[in-house]
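Peer 1: The primary structure of each chain is shown beneath.
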Amino acid sequence: MAQIENDLSPGTAARLAAGLAGFARGLVRGVLLLRESWVGMLGAGILVFWVMVAILAPVLAPFPPDQQISPLINAPPMSVADAGHAFFTDEEMLITDGTERYLLGGDGLGRDVLSRLIYGARSVLIYAPIATGFAYAIGILMGLLAGYKRGWIDDVLSRISDMILAFPVLVLYVVIITVMERSAVNIVLAVTFASAPGIMRIVRGLVLDLRNRDYVAAAQTRGESSWYIMFREILPNARGPLIVDACLRLGYTTITIGVLGFLGLGLPPPDPNWGNLIAENRNIALTAPHSTVFPCLAISSLVLALNLLADGLREISLKD
Amino acid sequence: MIFFLAKRIVLMLLTMLVVSIILFAVLEVNVENLATRVLGQFATPIQREDWLRDNGYLRPIYVRYFEWITGMLQGDFGHSTRFNVPVSEMLWGRLANTGLLGLCVFAVMIPLALTLGILSGMKEGSSLDRSITFVSVMTTSVPEFASAVLMSAVFVFALGWLPGTSGMTQGFNWAEMVLPVAVLVMYGFGYIARMMRASMAEVMHSAYIRTAVLKGLPYQRVIVRHALRNAMIAPFTVIILQINWLLSGVIVVEYFFAYQGFGALLLDAALNVDIDLIMACAMVATVVAVATQTIADIGYTYLNPRIRFS
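Same order as they appear, the protein sequences are chains A and B. For the first sequence, the positions run 16 to 335 when our numbering is used. For the second sequence, the positions run 24 to 333 when our numbering is used.
It is worth saying that the hints were derived from the structure and are not from the lab. Glycine included, every Cβ here is placed at the ideal spot set by N, Cα and C.
Calculated Cβ distances over 12 Å to all of chain A for the following chain B residues:
(1) 27
(2) 67
(3) 89
(4) 101
(5) 123
(6) 191
(7) 192
(8) 196
(9) 200
(10) 262
(11) 323
(12) 326
(13) 327
Using C-beta positions, here's what the derived DEER-type ranges look like:
(14) 60(A) / 225(B): 30 to 38 Å
(15) 67(A) / 188(B): 37 to 45 Å
(16) 92(B) / 77(A): 52 to 60 Å
(17) 174(A) / 82(B): 26 to 34 Å
(18) 77(B) / 175(A): 36 to 44 Å
Using the sequences and the accompanying hints, generate a full structural model.
Peer 2: Here it is as structure tokens:
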């Protein structure tokens, strides 16, 4: 109990604030460094674009994502609904007045592809980072323990992750999601389960190198706890490769969430995430491709952004 | 060497055992769902219960697992509830189809990726290197389902050059293979090309290449005779391990193009809680995973004599 009270003392708060300020400074410095790599800048630019789209979705989207206007079912891009058709919003029935224009066309239920695309950015940009973050939390913990403690902990964790990694990833996802049901939580769990072992391997490799450094020996001599050494001495020094890997992995997770949506195993239906948009309109992909082509371009551009960003960061880290 | 192989085979059997136990236990959660899948959603609870009892699903799990594993050891993979035939009747034909698809993919992807990787690794930082790297980052960023949709939109919808499905309903047809192979190649080649580039670039910096150039050998000869042989070692492992990746990759492609392969079979089995079929597919996946890993390790030691079996 005394320990907890001690942790909340003003000194700790000040240290926490200093830590946050340090993190912010690091972020700013990272952005400034990124200017040296045009590839990284391009990636960051596309990423910022999609983040803005996701945040401003209600402002940018011309229609609510679930609003169905029946004359515009499978309508090609730039179609306008004739005046005098009834359609429904959540609250009331409205009549089209001839100004409803679907810039990217309508989907199989007469919804605006553009609006669904814009709202879909939200679901990708929320769930992909959450899932990746979760996987990282578990993977880092496993990697630090395995690499720093060694011994039987290392053996057990390494065997478990070898076994999971030996299995084809998508097979793993399909089995997990079909056994549990389709929901956001289960997708996060499945991604964590499948990618934590890979992260653990990377962290473990880095720790095996860093644990023999002088500053670790110094901390051990000072009598610091092994948790302190793992999280305050080793982890901060392993962050470079981990940040690059996190960017790449965020891209994989985006693809994974898209693939699960595409296979009909993703987030449950009304959700307009990009994988679902493609799955919903797959049967008309060969006759009215507009409703599937644009979500495909969107998800590809987001993954490309993350890959370019990772490339840029790696390029910069190799320079120093 | 024999000892190494034996160790790997034991490891494989052990992995299969653990995977099968975990999977069997996990699938048990959904066993009631299975009756719904078979009888349809309008069956009454009593009908479902009857069906489960008649087919032995209400017996304790260890009894059924024991039955499954003894069958497995005798080469009996069980019965598919989805297709209502013995699993072995579905499995091998589908695997052969996927094997053919994989062979076509590798036949196109490997030469393409290696050539591009060598070209870009030869002169690191040249404009050719930069453009190849950029293209490979771009193509690996397009998920398989997205490139399947985009390529279909262009070659099937707009141009009408190729068939949109690859069901092979009227016998084998090469035209139906083009799009599935193209999609898989497009997604996969970038990774191998990057590995080849990295390996080639590293070799080009080594002292013996500098010596070869300085003693006046023609550049082409330096590349072909000296650099390539050593640069090929690392990508070899990557290429073999890609077989494992392909097993995942085919699920999306086979589903999209309705190709009758292993991936589509596994997806079908999983969506219909077809326990015996899922188990059989998982066992195949485990064997492929461990076998490719072993082949990669053995090949690596042969190519690189500095490494020895331990």
